[in-house]
Amino acid sequence: MTLLRALVTRKPIGAVGAAIVLVLLVVAVFADRLAPQHFNETSLTDALQPPSRAHWFGTDELGRDLYSRILYGAQVSMTVGLAATAVAVLLGAAIGIVSGYFGRGVDLALQRVVDAWLAFPGLVMVIALLVLLGPGLGSVILALGISQAFPQSRIIRGATLVVREHAYIEASRASGASHGRVLLRHVLPNVVAPIIVSASTYVSFVILIEAAVSFLGYGVPPPRPSWGGMLSATGRSYMVRAPWLSVFPGLALTLAIFAFNVLGDALRDLLDPRLRAA
Amino acid sequence: MTRFRRTLVAAGVVSVAAFVAVAPTPAQAPKRGGILRVAEQSDPVGFDTLGKKKAPVYTQLALAYTHNRLLKYDPSGEVVNDLAASWSQPNPTTYVVTLRKGVHFHNKPPVNGRELTSEDIKFTFERMAKSPEARLFPTLKAVTTPDKYTVRFELSAPFSSFVANLAATTMYVYAKEAGKPTPDGAGDYTAVDTVIGTGPFMLEEYREKQRLVFKRNPDYFEAGKPYLDGVELYIIADNAGQIAAMRTGKLDLIPAGRGEGLPHFLVPEARSIPGAKVMPHRLFQTSENLVGRVDQKPWSDVRVRRAVSMSIDRAGLAKAMFTEGAELFSGPIPVTSKYFIPLDKLGESAAWYRYDVTAARKLLADAGYPNGLPVKLTTTTGYGPTYTSRTELLKSMLAKLGIEASIVTQEYPVWISSTYKGNYEGMVHIPAWTLGDEDEWLATFTPGDTRNQLHLDDPKLTELVNLARSAPNEAVRAKLIGQFVTAFHDQMFRVYLPAPRMVTVTSKRVQGYVPAVRGYGYAIALVNTWLE
Amino acid sequence: MVPTLLVVSVMVFVIMRLLPGDVVNLMFQDLGYAQSLAEMRAKLGLDLPFHQQYGRWLAGLLRGDLGESLWTQRSVVSVLAERLPVTLELGLLSLAFAVVYGGVTGVLAAISQDRWPDMTLRSVAMMFLSLPSFWLGTLAIVVPSIWLGWSPSLQLVPFGASPRENLVQFALPAAILGSHLGAPIMRMTRAMMLEVLRHDYVRTARAKGLAPAPVVLKHALRNAIIPSVTILGVQTSQAIAGSIVMETLFQLPGMGSLLVEALAHRDFPMFQSLVLFLALFVMAVNLLVDLTYFAIDPRTRAQAG
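Protein chains in written order, with the numbering used here: chain V, 384 to 661; chain U, 28 to 559; chain F, 4 to 308.
If we strip away everything but chain V, and leave its shape as in the complex, we get (with noise of 0.2 Å):
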């Protein structure tokens, strides 16, 4: 509660943020209840219309709603952000913290394999994990998910490495408790906060690539709209024909990373522990 009301009153653009996401939440959610047709009902006798007051948005080269798509878009563009960034989150606290508590040979042989995934150049990765994966919502997921999981467990880790130093954890291993309790009362809790603080950003940074990893021909497949798919294939296309097919998507695009990294931001600056302390 009391975070909520700091980021009202000192970071009223990450209170905008905030708001934002929430508004995408609740479209995704309900999406199938607010859009005025489902995303695949074709019409051909309608299609690549401007903006109207039947179609808001204007139809695609099938004769689709835009407005509807983009509703639907979405759903897939929060799943696919949300979801691959607790994958990675999950994924990244899994590695780093093991990493950072365990430390000497552990750390050593987990931060080789870090490096490395580190080392691949960035989308690379993503196209790979994907292509390996097969087509689908679940392969995108799970492809951006772990590639971001490499660099969140390097804060995560390096989190871990400021709570062991504690003198409470050399204690309690002394008094008999065992690692499990150990990471679970003292590590786990003070890692909390950078988590939070990147999670937030990722999810923007995971909206992006998606996109990218459409535009290239990898995304989401149909006849799921996301916005990243509508963007790349026809959009392009249409760019002169039917700009509003590419307007629209790119400005939900936009809309979306723009929230979640002023929400980032804001979260960072309020739960910054050198921030606060100064």
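Calculated directly from the structure, the hints in this document are not laboratory data.
Worth double-checking, as some hints may not be accurate.
[As the list claims (entries may be wrong)] DSS-like, lysine-lysine: derived pairs with alpha carbons at most 25 Å apart: (1) F:K46 <-> U:K157; (2) F:K46 <-> U:K203; (3) U:K346 <-> U:K304.
[As the list claims (entries may be wrong)] Simulated restraints, written as ranges between beta carbons of each label pair: (4) U:T350 <-> V:E424: 17 to 25 Å; (5) F:S78 <-> U:E452: 36 to 44 Å; (6) F:S81 <-> V:A469: 41 to 49 Å; (7) U:S69 <-> V:L634: 26 to 34 Å.
Don't be surprised by glycine CBs; every beta carbon is placed ideally from N, CA and C.
Following the hints, complete the assembly by docking chains U and F onto the known chain V.
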């Protein structure tokens, strides 16, 4: 000025005007000179059409500039002479070709402009036999060279497509010394410096992903041609980018040589370019189709196949997506084939091409699916976004029939390795092909053919194909192919979608360009093209 | 660095072999008879057991022989040499744009902290960061062709041939990429500047009546560079990822578009060598950053010394 003088002047002006209006304008004579700029969507992969792997499309397109075949197709699709001066068929299993005299290879080392002889033809056919193109001449027994300008082909059995296949866009004539030596003697013609042919243009430069530069072959055997000093072929992957380049004066020709051509929704943009000529034309090609495995449910039931065909609103699809025109009714052989049977001559089978969802639902119910059925529909990203968009359209059309199609989108390498070879379940949205002669189209429906994705093994149909292949004359061949086509439509093995017209666009500088019906060799039209 | 590279090489090798579909099928498409496929695989060395293929490749690497592209049969080294200058130029121009853009806006934002110029600059930076680069790129290509009658040059103009045309060609993708890379630079520059402004010597200078401007400027410059250098390693990685998209969109024949092509063709030697090369490059940059940071930041030197 006095009144008299004014009248004189007026009369003078009127006379001059009259003279100019009445005097005949000189016919447009071809002008020599200039560089034509063409766009293509992808690079050639090596420059060998008779190598060890399938001849890539863009390689075939490139060689049309620099090489010749024995025979070629004229713009209307008739087989005419290229390197051959004449040919004859003394008996059903022998063909004799007489070569043009005085044809020279490009003046580049190591060939250095020497004359073409029958030995080059023999060598080319030896290469062909060691390549996937061997399927074009299945009964070829021997190629002999009685003299310098004569080639004799002996077949083990009659083959009705022989002459047409001499004009195949992979059967370019190679000079033995131009290739890099290989153990089997066929030579490697992948590299740029091996591109030495007898064609109207010489390959001067190739920059990967950028462009190919051709310049006029001064010793080309058609005197005075080509008119163009050269051609620059730019690799522009994106159709919209090609139009943008033409709009800003950087491009002269957007050809429709291969399958896709310019999407129709871009044509209005092309028309808005001042002076541009937009030429819709047909291509010797079938159309995209829906197909399944005839040895598995549900595609094994002819009622299902017919039902699917009747649920496709071909007219609506064509009107919405193919604004420059389309053939609503396609089939197993191209619409432009002389053996094509139009819908009104099809008889009873024409019923299956009506758009009638109610009747289709009834058929489906008769087949045992009163409540429809779920089916996998495989497609790929490899043919561009407009292709997958049509897959989505098919899904929604099938939904009205009660078929719940779940789209599986495969990446192209995966598609080529599995679905395209017949390794799939359910239905597939598969593109049109540009194959060679009718025989090749028909062959794809015989067991053992690598393109038989529908797993069709019908002894009667296979028999028809074989008989047509070895038909002794045109009349017999036409009858047999006609029987095949009629049976095919009745059985609806593939549900063909409308075949769109292809669209070629030229800038206002370009004169004399006639788009070809046989696409892959469009470059030969450039021999007769000139620039204003 | 070497052990990490080794792990990278194993990873990329394994991943490529796990991917469905192979180059031989792409070569033969629908004309692939079993025998020809087998022959081609043998010719390309693809029928050997995996560890042998890996061994061969590694041995070649150590000799400096990166092999031949499976798809075009051209030597990998020559293709990389062709593509490198394009990506290098795109990357350098993008980073230069990012540093200038981030540095200048960061300083300005810090000076007018929390007042409207600061808010505006930060919002604009955030906006640019949120715009998908390929969307911006598509708009940037299409709009000028309609309204200004201008479209990008049909082919790459090397810098040597015509510096002006070359820079025009790269300006757009570099600016778009740079606006993404510049945002974190701006943020860090702003934060560093705020610290500088709070420092005693600034206040002292003010108290003495000296104009703070020269002092600010001198420290501003030093402190603007430090954040840029710090994140240079990450930025290089991001620049490479960004170049994949930009090169594909603007049809620049660089290493980014080569990655996509090599993957689509399952061109093992090309893809593997490229990934290794890029990984090596990023690691080298990181090393350079660490050394430079050590040299220029007095605090780290003080800590060590």
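Exercise for the section: Note whether the CB distance of S69 (chain U) and L634 (chain V) lies within 26 to 34 Å or breaks it. Expected result: 33 Å, holds
Exercise for the section: Could you see if the CB distance from T350 (chain U) to E424 (chain V) stays within 17 to 25 Å? Expected result: Distance hint for T350 (chain U), E424 (chain V) holds at roughly 22 Å.
Handout entry: Distance restraint between K46 (chain F) and K203 (chain U), which requires alpha-carbon spacing of 25 Å or less
Key = Within the cut-off at roughly 23 Å; holds.
Problem - Beta-carbon spacing of S78 (chain F) to E452 (chain U) - inside the hinted bounds 36 to 44 Å or not - result: Cβ of S78 (chain F) to Cβ of E452 (chain U): about 42 Å, so the range 36 to 44 Å holds.
Practice task
Take a quick look at whether K46 (chain F) and K157 (chain U) sit within 25 Å of each other, Cα to Cα.
Solution key: 15 Å, holds
Practice task
Could you say whether the range 41 to 49 Å given as a hint is met by the Cβ separation of S81 (chain F) and A469 (chain V)?
Solution key: Once the Cβ atoms are compared, 45 Å apart, the range 41 to 49 Å for A469 (chain V) and S81 (chain F) holds.
Practice task
Given the hint that K346 (chain U) pairs with K304 (chain U), test it: the Cα-Cα distance must not exceed 25 Å.
Solution key: 22 Å, holds
The structure agrees with every numbered hint stated previously.
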